[in-house]
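Enquirer: Given the coordinates of chain L, assemble chain H onto it according to the supplied hints.
There are 2 protein chains.
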Amino acid sequence: MRNIKLTIRYDGTRYAGWQSQKNGRAIQDVIQDAIKGVTRERVALIGSGRTDAGVHAEAQIANFRTKSKIPLKNIRMALNSRLPRDIAVTHIEEAALKFNAQKCAKSKLYRYTIMNNDYMDPLVRHFAAKSFYKLNIGSMRKASGLLKGRHDFRSFQATDGEEKSSVRTIKDIKIEKDGDMIYIYIEANGFLYNMARNIAGTLVEVGRGKFKVSSIKEILLKRNRRSSGPTMPAKGLCMIKVRY
Amino acid sequence: MRNIKLTIRYDGTRYAGWQSQKNGRAIQDVIQDAIKGVTRERVALIGSGRTDAGVHAEAQIANFRTKSKIPLKNIRMALNSRLPRDIAVTHIEEAALKFNAQKCAKSKLYRYTIMNNDYMDPLVRHFAAKSFYKLNIGSMRKASGLLKGRHDFRSFQATDGEEKSSVRTIKDIKIEKDGDMIYIYIEANGFLYNMARNIAGTLVEVGRGKFKVSSIKEILLKRNRRSSGPTMPAKGLCMIKVRY
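First to last, the protein sequences are chains L and H. Here the first sequence is numbered in our numbering, starting from 1 and rising by one per residue. Here the second sequence is numbered in our numbering, starting from 1001 and rising by one per residue.
What the hints contain is simulated information worked out from the structure, not anything from laboratory work. Just so we're clear, the structure is a prediction, and the values are computed from it rather than from any experiment. Only true hints are included.
Derived EDC-like pairs: lysine to aspartate or glutamate, alpha-carbon spacing no greater than 20 Å straight-line:
id, chain 1, residue 1, chain 2, residue 2
1, L, 73, H, 1121
2, L, 235, H, 1121
3, L, 241, L, 52
Computed footprint of chain H on chain L; a stretch qualifies when at least three of its residues, placed anywhere within it, have a C-beta under 8 Å from a C-beta of chain H:
id, region
4, 5-19
5, 85-91
6, 120-133
So these bits of chain H aren't anywhere near chain L, every CB distance computed over 12 Å:
id, residue
7, 1038
8, 1107
9, 1142
10, 1166
Positions of the beta carbon are idealized from the N, C-alpha and C atoms, including for glycine.
Isolated chain L, as found in the complex:
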């Protein structure tokens, strides 16, 4: 038995998200079908985490077990020739049998992209959200600093996605600006449902001056979704890296 670890890049625009869904095509299913085509086995592909409908990945990590003896390089080439053009396996390796892409993940890094101008750039329209308000990056950076560390992030969790504990640790959060584009990088040991998009929406409210920088402390304490900013669109979110 081999345990195969894949690094996967995808444009999530057309999909119902990573995980198999009742409605719509899931990225996980598409890749499992491709694996079946190559190995003749119906495998369970374990992803490091779910990405929502419309969310992208530069490097999602997933693993599956197989009895196939096909060389790694050939598996990758065969998968890519079967996968649609919006999904690609960029790297393949053999992992220890105990490796589990979800359970072994120490942290995940997401990037949220905002175009801050009065038009949306046609060349990145599927990969960025927009904000027409002039955003103050300095305020956004200060506010983001208050989110670092171990907190109860219930105020940033979608109300329909409540998990046992909403305590997570944000290991790092960085905001970069390049021309009209603003990038929010969030690395955490885990993300609650919609947490990254709700943090982005809250930082936008700070950047446009609707929320004060210090309001972040109050929002965390309130443990209530209604206290934080709006959920930003899925298309601005991209999974960048998983650390093990």
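Expert: Relative to the frame of chain L, chain H by itself:
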């Protein structure tokens, strides 16, 4: 009468090119329709140059004359609210009445993007061509140097697009590499039909070792399309800048 100069950004994937065509929707027509919606005038929009079906632009320049007294900023906003999401007016200004976006252009800068790996990146698949051959950037740079200056580029002109003179001046040509991506920047006083894509295809043949660097000299002298490399796909080409 005012002469309005527009800077236009577009994803050319869905279009039959810049110029009005019998078959398919042209970018020029879409923008003219939007202008009519805003000014109530049927204007002639003059572009700096045609881009082919599937070719993109970061900054196409175009101008039109209007009797409208609507402030510039409002025209731009109104155009963007009417244009589809794959076309945007990024800048607007009033030009001298004699300004003609096509005739006054001194040079145009195009970028050709090649992904040099054994898979195509799903996130840029509409904006890059691929080459599975390992390309030697050093050879490509040497070959590109031989194209600089004033030459008869007939060997790089599509056979069905012959113009009176095929003499053009390449002011600069640069090749950059960033990870798996190779960017060929070509600035010329004018481009023959398919010239940028045929130059890119020829440089790829040099990069993979099928053509020698010195063969560029012979190709130029032959003045025959069959002597140069293949026409690279439209999607890798993007108009970057027009100089006046």
